[in-house]
Amino acid sequence: MRETQETRRTVVYVDDEELARKYFARSAGSDYEVLLAGDADEAMSILRREGARVAILVTDFRMPGRHGDDLLRQVSQEYPHIVRILVTAYADNNTLLDAVNSGEVFRILEKPLGVLRVREVLASATTAPGLRPR
Amino acid sequence: MTTSLVELRSSYRDELRDYRLLCSKAGGLTVIVLVLMGMAMDYVVYPAEQKRFAIVRVLISAAIGLALLSLYTNEGKRRVQVITFLWLLLPQAMISWMIYVTQGEQSLFYAGLMLTIFAVGILFPSGYWQTLAFGLGTVALYYVACVAHPNGIQDPSKFQFQLILIFFCALASSIYTYFNEKGRFQLFRLKDELAHKNDQLARTNESLAQIKGQLLQQEKMAAIGTLSAGLLHEVNNPVNFCLMAIEIAMEEPQAKESPSLLECLTDVKQGMHRIQHIVSDLKTFAYRKPGASADDVPFLFEKALDSSTRLSAHELRGVKLTRELPGDTLVLGDEAAIIGVLINLFSNAALAMHKAGTVAPQIDVTAQWRDDRLHVNVRDNGPGIAAENLARVFEPFFTTREVGQGLGLGLSISYAVVERHGGTLFAESELGKWTAFNFDLPRVE
Numbered sequence: 001m002r003e004t005q006e007t008r009r010t011v012v013y014v015d016d017e018e019l020a021r022k023y024f025a026r027s028a029g030s031d032y033e034v035l036l037a038g039d040a041d042e043a044m045s046i047l048r049r050e051g052a053r054v055a056i057l058v059t060d061f062r063m064p065g066r067h068g069d070d071l072l073r074q075v076s077q078e079y080p081h082i083v084r085i086l087v088t089a090y091a092d093n094n095t096l097l098d099a100v101n102s103g104e105v106f107r108i109l110e111k112p113l114g115v116l117r118v119r120e121v122l123a124s125a126t127t128a129p130g131l132r133p134r
Numbered sequence: 001m002t003t004s005l006v007e008l009r010s011s012y013r014d015e016l017r018d019y020r021l022l023c024s025k026a027g028g029l030t031v032i033v034l035v036l037m038g039m040a041m042d043y044v045v046y047p048a049e050q051k052r053f054a055i056v057r058v059l060i061s062a063a064i065g066l067a068l069l070s071l072y073t074n075e076g077k078r079r080v081q082v083i084t085f086l087w088l089l090l091p092q093a094m095i096s097w098m099i100y101v102t103q104g105e106q107s108l109f110y111a112g113l114m115l116t117i118f119a120v121g122i123l124f125p126s127g128y129w130q131t132l133a134f135g136l137g138t139v140a141l142y143y144v145a146c147v148a149h150p151n152g153i154q155d156p157s158k159f160q161f162q163l164i165l166i167f168f169c170a171l172a173s174s175i176y177t178y179f180n181e182k183g184r185f186q187l188f189r190l191k192d193e194l195a196h197k198n199d200q201l202a203r204t205n206e207s208l209a210q211i212k213g214q215l216l217q218q219e220k221m222a223a224i225g226t227l228s229a230g231l232l233h234e235v236n237n238p239v240n241f242c243l244m245a246i247e248i249a250m251e252e253p254q255a256k257e258s259p260s261l262l263e264c265l266t267d268v269k270q271g272m273h274r275i276q277h278i279v280s281d282l283k284t285f286a287y288r289k290p291g292a293s294a295d296d297v298p299f300l301f302e303k304a305l306d307s308s309t310r311l312s313a314h315e316l317r318g319v320k321l322t323r324e325l326p327g328d329t330l331v332l333g334d335e336a337a338i339i340g341v342l343i344n345l346f347s348n349a350a351l352a353m354h355k356a357g358t359v360a361p362q363i364d365v366t367a368q369w370r371d372d373r374l375h376v377n378v379r380d381n382g383p384g385i386a387a388e389n390l391a392r393v394f395e396p397f398f399t400t401r402e403v404g405q406g407l408g409l410g411l412s413i414s415y416a417v418v419e420r421h422g423g424t425l426f427a428e429s430e431l432g433k434w435t436a437f438n439f440d441l442p443r444v445e
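As they're listed, the protein sequences go chains A and B. Per my numbering, the very first residue in the first sequence carries number 1; after that it's consecutive. Per my numbering, the very first residue in the second sequence carries number 1; after that it's consecutive.
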C-alpha cells in the first residue's frame, strides 16, 4: 500500500468553477491523487498541509481574488519542487507571456481541455527532467 | 488660410473692372438723360440758342451712346477706364462750348461743370488721380472757353472766382474718391475674408461629421470587444467542463456498448465544439490592444497576398484575379491577421459572384502608397451590396446567408484587425455592378 502511495503523484487543481474541478479530477483518473481548491488562498492552505508530497499544481488563470499567475509566482518561491501548469479560458497573450516569464510555468493549457490532453501533460510533468520533485 | 494681399488685390481688380463696367453703363445713361433734359435750361437761359444747342445735345448723347455700346465688345471691356474717362469729358466739352458761344465767364452754365465733377467723384470708381485729372481737364476747358470768348473776359474777378471754385471741386472730389476707394477695398477684403471663413467652416463641419462617424464605429467596436472578452471567458468555462464530461462519459463501458448512447454523446460533443468555435472567432475582438507591439512585425504585403490567394484557391476557382502593386510593399503589422482579412474578402466576393451568377467574375487588387500608408483596394464585379446593407456589413452576426451558412463575423473581425493596424476598413458598392473594400496599413519606419 505504501508503495502505491509513492507512485500515485499528487496534483493540486485550482479553479473557481466547481464542475471544472470535478471533471478535471475525473480526467486525471486513478493514476493521480487530485486535491481541489476553489481559489488561490485555499490552494496555499492545502500546500501548507500537504506541500511536501504535492508534485504538480494546475491552476486556472482568471479567478475571483488572486489570479493564477500570482499564485504560481508564490508557489515557485515557497515550493520550488512543484511543477506549475497554467490553464486559461481567456486568450490574452501579453498577460500569459508575463505569467510564463515571472512564474516559470511548465506548460500553458487552453480551455477547453481534452481528457487526453490533461493526462498527457500530467504524464510529461511527472517525468520532466529537472522538474521532478527532489 | 488667408490669401496674400497681392492675390487679393488682383482679384479685387477683376471685381472692380466689372463694377466699373456697370457704373459706366448706368452713369452713361444718366448723363444722356441729363444732357437731353438740359434743353429745359437752354429754354430758360438761352432761348435764342435753343435749336443749335438741341442739335449739339443730341449729337453728344449719341456719342456717349456709342461709347456705351463699345463697352459690350471685348476690347471695350478691357479699356473700360479709358472709354469712361473720354465720354465723361464730352458733357464738359459741350458745356464749355456753350459757355464759349454765349456769355463767357458771365454764363451760369459753369455750375454744370461742377455738378459733373462731383458726379464723377461719387458715382465712378475710377481712382483719385483720374478724378483729379478729370477735374483739372474741366478747369482747362473752362479757362479756354472764357479766355477765347469773342468779347474776352469782362469781369476778371468773377472769372477767377469761378475758375478757383471749379478747381476746389476737382480737389474735394479727388480726396473723396481716395477715401471712397480705400473703403471699397476694405469692404471687398471683408467680403473675401467672410467667403474664406465660410469655406473653412464648411470643411470643418464635414470633417467633424466624418470624425463623428468614425468615433461611433470605434465605440461600437470597442463595446463589442469588451463584450466578446467577457463572453469568451463565460462561455468557454462551461464548454470546457461539458466537453470533459462528455469525453469521460464516452469512456464509460455502458457508452461503449450502446451505439445510440455513443451517437448522442458524439452529437453533443460536436455541438459543444461548434459553440467553442463561435467563441474562438470572437477572440479577434477580445485581442483589442491598441499598440500591441508583439504583432508589429515588418512583412511584404505582396507575400501576404500570395498566401491568401493560395489559401482561397478553392473558392476562387473560375474567378480572374488581377493585381496592381507598387514595387515596395513592406508594411508593419500582423501578417497572419492580414492574410485572414484578404481570405475573408476574397471568399465573400467569390461567394457573392457565384450566387449571382456573375459572367466573367473578376477580383482586382490594387495597392498604392499615400501618406506613409499602403492603401489596398479589393474590388469585384459582382452583384454589389444594397445601400441599406452597406453600412451594416461590419456588424457582427450580420449576414445575408442562410442560417448555418456562416456566422456573419468575417467582416467585423476583419474590421477589428485593420483597426488594430491603425487603419479603417470601408466598403463601397454600386448595386448590380461592383463592390470594393478598402483598408490601409502602416509603412515600416
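These aren't lab readings, by the way, just hints derived from the structure by calculation. Every residue, glycine too, gets a C-beta built ideally from N, C-alpha and C. Careful: at least some of the hints might be erroneous.
Pairwise CB distance ranges (calculated) [as the list claims (entries may be wrong)]:
1. A:Arg8 - B:Thr424: 51 to 61 Å
2. A:Glu78 - B:Gly327: 54 to 64 Å
3. A:Glu120 - B:Glu257: 19 to 29 Å
4. A:Asp31 - B:Lys256: 18 to 28 Å
5. B:Leu262 - A:Glu78: 43 to 53 Å
6. A:Pro80 - B:Lys256: 41 to 51 Å
Rough simulated footprint, nothing fancy, chain A against chain B, three-plus residues with beta-carbon under 8 Å [stated by the list, open to error]:
7. 233 to 241
8. 245 to 252
Hint check against the structure, violated hint numbers in rising order
none
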